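Novice: Respectively, the protein sequence lines represent chains W and G. Under the working numbering, the first sequence has 63 at position 62, and the numbering climbs by one with no breaks. Under the working numbering, the second sequence has 930 at position 81, and the numbering climbs by one with no breaks.
Please keep in mind that the hints were generated in silico from the structure rather than gathered at the bench. One or more hints might be untrue.
[To be verified] Dumping the calculated SDA-like pairs for lysine to any residue here, alpha-carbon to alpha-carbon at most 25 Å:
(1) Lys896(G) / Ile29(W)
(2) Lys61(W) / Pro911(G)
(3) Lys72(W) / Lys896(G)
(4) Lys116(W) / Leu128(W)
(5) Lys16(W) / Leu81(W)
(6) Lys61(W) / Leu32(W)
[As the list claims (entries may be wrong)] Distance windows between CB atoms, simulated:
(7) Ala123(W) / Lys944(G): 46 to 54 Å
(8) Asp65(W) / Lys905(G): 23 to 31 Å
(9) Ala940(G) / Val37(W): 22 to 30 Å
[Said to hold, decoys possible] Below, a sample of chain W positions facing chain G; criterion: calculated Cβ distance under 7 Å:
(10) Lys16
(11) Gly27
(12) Gly100
Bear in mind that the values here come from a model prediction, so they are computed numbers and not experimental data. Positions of the beta carbon are idealized from the N, C-alpha and C atoms, including for glycine.
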Amino acid sequence: MAEPWEDEEQGPVRKFMYVNRRAPYGTIYALESLEVVLIAAAFEQDVSLVFLDDGVFQLKKGQDTAAIGVKNFSPTYRALEGYDVEKLYVEQESLEARGLTADDLVVPVQVVNQKELGDLMAEQDVLLSF
Amino acid sequence: MLHTVNKSPFERRTLDSCLRHAQPDSAVLLIEDGVYGAFDGTAITGKVKDAIGNFKMYVLGPDVRARGMDESHVLDGITVVDYEGFVDLVAEHDKVQAWL
Numbered sequence: 002m003a004e005p006w007e008d009e010e011q012g013p014v015r016k017f018m019y020v021n022r023r024a025p026y027g028t029i030y031a032l033e034s035l036e037v038v039l040i041a042a043a044f045e046q047d048v049s050l051v052f053l054d055d056g057v058f059q060l061k062k063g064q065d066t067a068a069i070g071v072k073n074f075s076p077t078y079r080a081l082e083g084y085d086v087e088k089l090y091v092e093q094e095s096l097e098a099r100g101l102t103a104d105d106l107v108v109p110v111q112v113v114n115q116k117e118l119g120d121l122m123a124e125q126d127v128l129l130s131f
Numbered sequence: 850m851l852h853t854v855n856k857s858p859f860e861r862r863t864l865d866s867c868l869r870h871a872q873p874d875s876a877v878l879l880i881e882d883g884v885y886g887a888f889d890g891t892a893i894t895g896k897v898k899d900a901i902g903n904f905k906m907y908v909l910g911p912d913v914r915a916r917g918m919d920e921s922h923v924l925d926g927i928t929v930v931d932y933e934g935f936v937d938l939v940a941e942h943d944k945v946q947a948w949l
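Using the sequences provided together with the hints, build the complete structure.
Specialist: As structure tokens, this is what we get:
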């Protein structure tokens with residue numbers, strides 16, 4: 002008898018959204034989110050990442066953590082495409098409040114407004130918050 | 850007194866609380882996620898500009914660079930310091946209040 006993980010029958014593809022609302026180094030949330038995204042990418046679901054509130058700071062270009070002694074994980078966002086994680090959304094209002102634009106970010110993203118983001122969230126099967 | 854603020858002003862009210870309680874001869878040092886309060890062109894720039902008029906304001910350079918923020922966009926009147934500068938500020942003031 003096949004073990005459950007050997008079952009060739011694939012379940013339905015579900016829509017997973019990772020909601021990132023924290024700045025990158027003051028707490029562990031941003032790094033933990035990235036770790037979970039990379040692990041979960043193996044399950045071939047319909048994955049999107051959204052960055053709003055202080056989460057937009059995770060994608061800021063030019064991070065140099067040498068002097069604070071922690072790993073700069075921002076280059077990893079550029080590797081997500083290789084894991085078929087290609088839907089990255091950033092909230093426009095959050096960027097504007099922080100004096101940022103899409104040009105300040107390490108990866109190409111789709112900038113959406115609050116209304117559009119609310120609609121995207123409502124379409125998901127699962128929301129994971131960090 | 851030296852006040853340190855380590856929380857993002859966009860997420861928490863820590864900076865507000867600090868600025869409401871700090872006395873005129875105080876110094877305020879922004880560290881960790883607190884450094885996000887030091888820049889021009891943001892939703893809280895006006896509030897921070899007012900504080901610059903009232904207190905000696907500093908921001909920790911290593912935390913600015915870690916976050917990819919541009920030192921050239923630090924507001925005029927906020928001094929960028931390194932770790933040695935942080936130590937000097939602590940030594941120069943009789944007390945430190947850390948707003949966590």
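Novice: If a hint holds in the structure, say so; if it doesn't, say that too.
Specialist: Checked hints:
Note on Lys896(G) and Ile29(W): the hinted pairing is violated, with a Cα-Cα distance of about 28 Å set against a maximum of 25 Å. A threshold of 25 Å between alpha carbons decides the hint, and for Lys61(W) with Pro911(G) the separation of about 15 Å falls inside it, so the pair holds. A hinted pair counts as satisfied when its Cα atoms are at most 25 Å apart, and Lys72(W) with Lys896(G) does not qualify at roughly 32 Å. Restraint check: the Cα-Cα separation between Lys116(W) and Leu128(W) comes to about 17 Å, which is no more than 25 Å; the hinted pair holds.
Straight-line distance between C-alpha atoms of Lys16(W) and Leu81(W) comes to about 17 Å, which keeps the hinted pair within the 25 Å bound. Distance hint between Lys61(W) and Leu32(W) is fulfilled; the C-alpha atoms sit about 14 Å from each other, no more than 25 Å. The supplied range of 46 to 54 Å is met by Ala123(W) and Lys944(G), whose beta-carbon atoms lie about 51 Å from each other. Distance hint check for Asp65(W) and Lys905(G): the Cβ-Cβ separation is about 27 Å, which falls inside the suggested range of 23 to 31 Å.
At roughly 43 Å, the beta carbons of Ala940(G) and Val37(W) sit outside the given window of 22 to 30 Å. Evaluation of the Lys16(W) hint against chain G yields a violated restraint, the C-beta minimum of about 27 Å exceeding 7 Å. Evaluation of the Gly27(W) hint against chain G yields a held restraint, the C-beta minimum of about 4 Å falling below 7 Å. Nearest Cβ of chain G to the Cβ of Gly100(W): about 3 Å, under the 7 Å cut. The hint holds.
The structure is inconsistent with the numbered hints 1, 3, 9 and 10, although it conforms to all the rest.
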